[in-house]
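> Chains as they are written, first to last, in my numbering: chain S, 1 to 112; chain P, 1 to 114.
It should be emphasised that the hints constitute simulated quantities derived from the structure, not laboratory data.
Keep in mind the model is a prediction, meaning the values are calculated, not measured.
Beta carbons: idealized from backbone N, C-alpha and C, even for Gly.
Accuracy of the hints is not assured; some may be wrong.
If you want a taste of the chain P side facing chain S, the calculated C-beta under 7 Å gives, among others [stated by the list, open to error]:
1) Gln42
2) Gly43
3) Leu44
4) Leu46
5) Lys49
6) Phe51
7) Phe63
8) Phe90
9) Gly105
10) Gly106
11) Gly107
With a straight-line cut-off of 20 Å between C-alpha atoms, the simulated SDA-like cross-links for lysine to any residue are [unchecked claim]:
12) S/Lys14 / S/Gln85
13) S/Lys14 / S/Ala82
14) S/Lys9 / S/Tyr64
15) P/Lys49 / P/Pro79
16) S/Lys57 / S/Lys9
17) S/Lys9 / P/Gln42
18) P/Lys61 / S/His102
19) P/Lys49 / S/His102
20) S/Lys71 / S/Thr54
21) P/Lys49 / P/Gln6
22) S/Lys9 / S/Pro39
23) P/Lys49 / S/Lys71
24) P/Lys113 / P/Glu15
25) S/Lys57 / P/Ala95
26) S/Lys57 / S/Arg44
27) S/Lys57 / P/Gln2
28) P/Lys49 / S/Asn98
29) P/Lys49 / P/Ala29
30) S/Lys57 / P/Asn100
31) S/Lys57 / P/Ser3
32) S/Lys9 / P/Pro40
33) S/Lys9 / P/Gly41
34) S/Lys71 / P/Asn100
35) S/Lys9 / P/Gln45
36) P/Lys49 / P/Arg22
37) S/Lys57 / P/Ala1
38) S/Lys9 / P/Ser39
39) P/Lys49 / S/Gln99
40) P/Lys49 / S/Gly95
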Amino acid sequence: NAGVTQTPKFQVLKTGQSMTLQCAQDMNHNSMYWYRQDPGMGLRLIYYSASEGTTDKGEVPNGYNVSRLNKREFSLRLESAAPSQTSVYFCASKGAYNQPQHFGDGTRLSIL
Amino acid sequence: AQSVTQPDIHITVSEGASLELRCNYSYGATPYLFWYVQSPGQGLQLLLKYFSGDTLVQGIKGFEAEFKRSQSSFNLRKPSVHWSDAAEYFCAVGAGNAGNMLTFGGGTRLMVKP
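One chain only, chain S, in its complex shape (with noise of 0.2 Å):
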């Protein structure tokens, strides 16, 4: 059971290049989130779907798009990367009531 899978799992850019980050779940879960993990600063929320079809914005979502391609797939999208936009890219996803949200292991994303 591979749980959350983030694909690249590195990836340098220059400014103004757009990039994709993948994720997919095969856990069967309604809810897929996004989020950036920079030093000090936790994790902070870029978008999330609670089921298929929706898409909402979270704390951070500015330069950032967002697409629920099925229940398993929910992809990150920078149209045109910044420096400010460096850093470690979380996806999680979470199943119904009571249960927590599991984690995949990142995307490192270094913007130059």
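Given chain S, work out where chain P should sit, using these hints.
Showing chain P alone in chain S's frame:
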């Protein structure tokens, strides 16, 4: 809006010593509370969660946490720390449908001296 504060950015303890990591939250309703651990280069692993009921919650790897509503706290404890416990620990509060939306604290990095 909810918030979480972890007052200690770094903590160093000796192997075998007891551990307490502090977490204070702000949330207007009954909170759903979580502790996650992150080893270097890894994702977050759930240690324990509080949804309701007994305020003393047992988790994996010998950890426990106590929910104290009067103090808005959810401190993590372990009686005897092992070198493998060195990691970063995150407290989170969940809002919405059964904690659907998480707000994380800034994390506490634990170092263990031999």
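> Given the hint that P/Lys61 pairs with S/His102, does the C-alpha gap stay at or below 20 Å?
holds (18 Å)
> If you draw a straight line from the CA of S/Lys57 to the CA of P/Ala95, is it 20 Å or shorter?
With Cα atoms ~15 Å apart, S/Lys57 and P/Ala95 stay inside 20 Å; holds.
> Holds or violated: is there a CB of chain S closer than 7 Å to the CB of P/Gly107?
With Cβ-Cβ at 5 Å, under 7 Å, it holds.
> Take a quick look at whether S/Lys71 and S/Thr54 sit within 20 Å of each other, Cα to Cα.
Holds, at roughly 11 Å.
> Against the 20 Å threshold, does the CA-CA distance of S/Lys57 and P/Asn100 hold or violate the hint?
Holds, at roughly 14 Å.
> Could you check if P/Lys49 really has its C-beta closer than 7 Å to a C-beta on chain S?
P/Lys49 check passes; min Cβ-Cβ to chain S is 5 Å, inside 7 Å.
> Is it true that the CA of S/Lys71 sits at most 20 Å from the CA of P/Asn100?
Holds, because 17 Å separates the two Cα atoms, which is no more than 20 Å.
> With chain S as the partner, please determine if P/Gly106 meets the hint condition of a C-beta pair closer than 7 Å.
holds (5 Å)
> Can you verify the interface hint for P/Gly43: is its Cβ closer than 7 Å to any Cβ in chain S?
holds (4 Å)
> Closer than 7 Å between Cβ atoms is the bar; does P/Gly105 clear it against chain S? Give me holds or violated.
holds (5 Å)
> Could you grab the alpha-carbon distance between P/Lys49 and P/Pro79 and see if it respects the 20 Å cut-off?
holds (19 Å)
> For the pair supplied as a hint, P/Lys49 and P/Arg22, confirm whether the alpha-carbon distance does not exceed 20 Å.
Given that 20 Å is the threshold and the Cα spacing comes to 15 Å, the pair holds.
Of the hints listed earlier, those the structure fails to meet are numbers 7, 16, 23, in rising order.
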